[in-house]
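Undergrad: Residue numbers (the working numbering), protein chains in the order written: chain S, 1 to 310; chain C, 1 to 421.
Any given hint could turn out to be false.
The calculated lysine-lysine pairs, modelled on BS3-like cross-linking and capped at a C-alpha distance of 30 Å, are [what the hints assert, rightly or not]: (1) S/152 to C/250; (2) S/112 to C/250; (3) C/124 to C/153; (4) C/99 to S/131; (5) S/152 to C/416; (6) S/12 to C/124.
I should point out that these hints are in silico values taken from the structure, not numbers from a laboratory. The structure presented is a predicted model; accordingly, all values stated were derived computationally and were not measured.
Here is what each chain is made of, one letter per residue.
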Amino acid sequence: MLEAVELTKQFKQTKAVDRVNLYLEQGEIVGLLGPNGAGKSTTISMLSTLIPPSSGDVRFHQKSTLKNPAMLRNALGIVPQELALYSDLSAKENLRFFGSIHRLSGAQLQKKVEEVLALIGLTDRQNDLVKHFSGGMKRRLNIGAALLHEPKLLIMDEPTVGIDPQSRNYILETVKRLNEEKQMTVLYTSHYMEEVEFLCDRIYIMDKGCIIASGTTNEIKNILSAEHTVEIKVEKLTEPFLHALHAQPVIRHIAVQDRVITMLSPKEVNIFRLLFQLAEQTDTVLMSIEMKTPTLEDVFLHLTGRALRD
Amino acid sequence: MIGAFVKKQLLLLVRNRHEVLILLGMPLVLITILGFALGNIMDGDHAAVHAKVAFVNEGNEQQERQTFIHEIDTMNIPQEKKQLLIEAAHSIAPITVLKQDVFGDKSVKKYIRIIDVPPAQLEKVRQKDSYAVIIHVPDGFTHQMLEHLLLQKEAPPRIIFYTNEEKAWTAEMVRQIVDDFQRQYSIATALHKAGITHASANIAAHVNGKMETMTKKEPLRAVTYYTVGMSVMFALYIASNIGSYAFEEKRSHVFDRMLLANVSRWAYMAGIFLSATLLACLQLFILYGLTSVIYDITWTDIPAFFVVTLSLSLAVGGLAVLLTALNFRTNSEQASRFFQTVLVTIFSLVGGSYFPAGQLSDFISTIGTLTPNGASMNAYLKLLQGYHFSDVAHSVIYLCLFSIATLLLSIWAFPKRGNES
Ligand SMILES: Nc1ncnc2c1ncn2[C@@H]1O[C@H](COP(=O)(O)OP(=O)(O)O)[C@@H](O)[C@H]1O
Ligand SMILES: [Mg+2]
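With these hints in hand, go ahead and build the complete structure from the sequences.
TA: What follows is the structure in structure tokens.
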């Protein structure tokens, strides 16, 4: 349905997006995952024809959209990372305006606005000014404004940034519903692993402008199948113990938080025995050892050596 | 869809109390302060109309009269009649009466300034448009007048007028004065011949009386002057405001939503233009409406008032689109800011919003009328003085052209995709 081919964007100094290839099939929810500054928003701006790529192409139903963006635009609903709303208008006035620019009017506009208000759960607050809304309500309206013209393809850029867990769950459920009930195709951008894991059929992981991994959620997790994620808790964190961990070639990606140490190790190594030995040698008391099933977070750690949120 | 743009803009402005206060409250306060604290600087002897009239005299009154007397002398008529005619001829001096008694009268001088121009310069003066009217007295005028009045010969001689279309109403007024003078002069001479009254004094009195009723120009009150000055100045702020709102739409990515909805930049610009024009109209109507109630500033020629207001609003609309285009182009609010802080101040100064700056020099006066506020201020003040619409038509045309020019510039300046960075 939508395809990016060797998509590249060079800003003056930075290469924000570097030869990105990705595709979306009808009815899928695809995740685009990456830390801040990875180039997700820039990719989305190019996909949605808002900025021209430095090189590469965006194709919609096999046709390039660079010269002729109208068809893609008509099928597209964009939820921008920023709150693209009028804060001095009410929720309803905002939706009515965004409906009008999509050439809706009269009873049709009225009906659509009511439908969207119900979908995003703002029917009760429709006459309140947006500037008096909570962060979560603004985010929901930001999504609603993209749905008025019944897009076939919804592109969401970090739609849950900085909101309460309740609103976040509401949004995630809404996206799932849109996909299931209206067969809407969704590209969902986030730097929250658990959201992408919950929603997406397939995932692209992006870092420093490049796609560094892609596949179904399971395929991506299988990248880690050869390794364990081990989490240990110590009574008191000591330098010698940490030093000893680092000195072990089989232990990788050591991350410390308070008295909790996370690391990766190959499955064939008996990590328990090794850890006990090291603890004994350095007079460290181990409180607990846990083997964890890998998360996307771990995958990212594995791929880049950095945590997603830092 | 453009209706939705306008409605949205109206709602946004109305919700912003701070801005409404600046656009409506500030001018009212300033009108009151300037209008009353500064007193009646516009009042008193200050002429309301200052029509410049060129007077080109090709004839020579004295010489022509001598010729006429000489002709009578050689005529074959009774000596007694000759004596009577010669005596009468001595008291007839139409040009002197016109210049000294009619145009020289104090009440007329208030409105009209006569400037003598040598006949050789007639063509040159006709090229200039600083004169409301040129009065051309042809060679032999006095001689013909004497023949007409005393010998009942031919038709009366005619004074030639060249009128300036821009100042049509003033010119018409002068022409009527002179026409009236000629008619009265004939009657008075006839009466004088019959020994009833002394001619010239009466004519002047009559013509001047007529002049008063025709000009009816009230000297402007200061509060009237500042009502116009402040209203046209604050109308300009609509343009920068709308420009800033538009940039905010770009900054907050609302404009992206419009691009994605395939809203063309033409539709977007049309929305800006209509919103700003409508808001300027509303603002001006409210300000003039309130001042007409509070300060008793009445508009007698309502249709002309509407036309001037609309043309100023169109100019403001054009400016709003231009500022929007420049804001988008520079991807900043600079254009709006610069206009709001620097240009409006300069425009208001030379346009005469603070004091009649045009009186300082012809140069400032010309520059002033090139600003939209200056042009409209001229027009409004003239209407308030009782001028006719034809006397302000050139300002209206200028404002419409100004609007078109700014729109063309905007089309050139507006970024093609609206979104390059
Ligand atoms: N308009 C721009 N001009 C210059 N650099 C930009 C611009 N937009 C984004 N960038 C840079 O491109 C990189 C990717 O940004 P972005 O696409 O916003 O990342 P993400 O959405 O993944 O956080 C960043 O380093 C950012 O600073
Ligand atoms: Mg982003």
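Undergrad: All hints are to be evaluated individually against the structure, with a verdict given for each.
TA: Here is what the structure says about each hint:
1. S/152 to C/250: With Cα atoms ~25 Å apart, residue 152 of chain S and residue 250 of chain C stay inside 30 Å; holds.
2. S/112 to C/250: 25 Å, holds
3. C/124 to C/153: 35 Å, violated
4. C/99 to S/131: 73 Å, violated
5. S/152 to C/416: 27 Å, holds
6. S/12 to C/124: Given that 30 Å is the threshold and the Cα spacing comes to 62 Å, the pair is violated.
Against the hints set out earlier in the document, violations occur for numbers 3, 4, 6.
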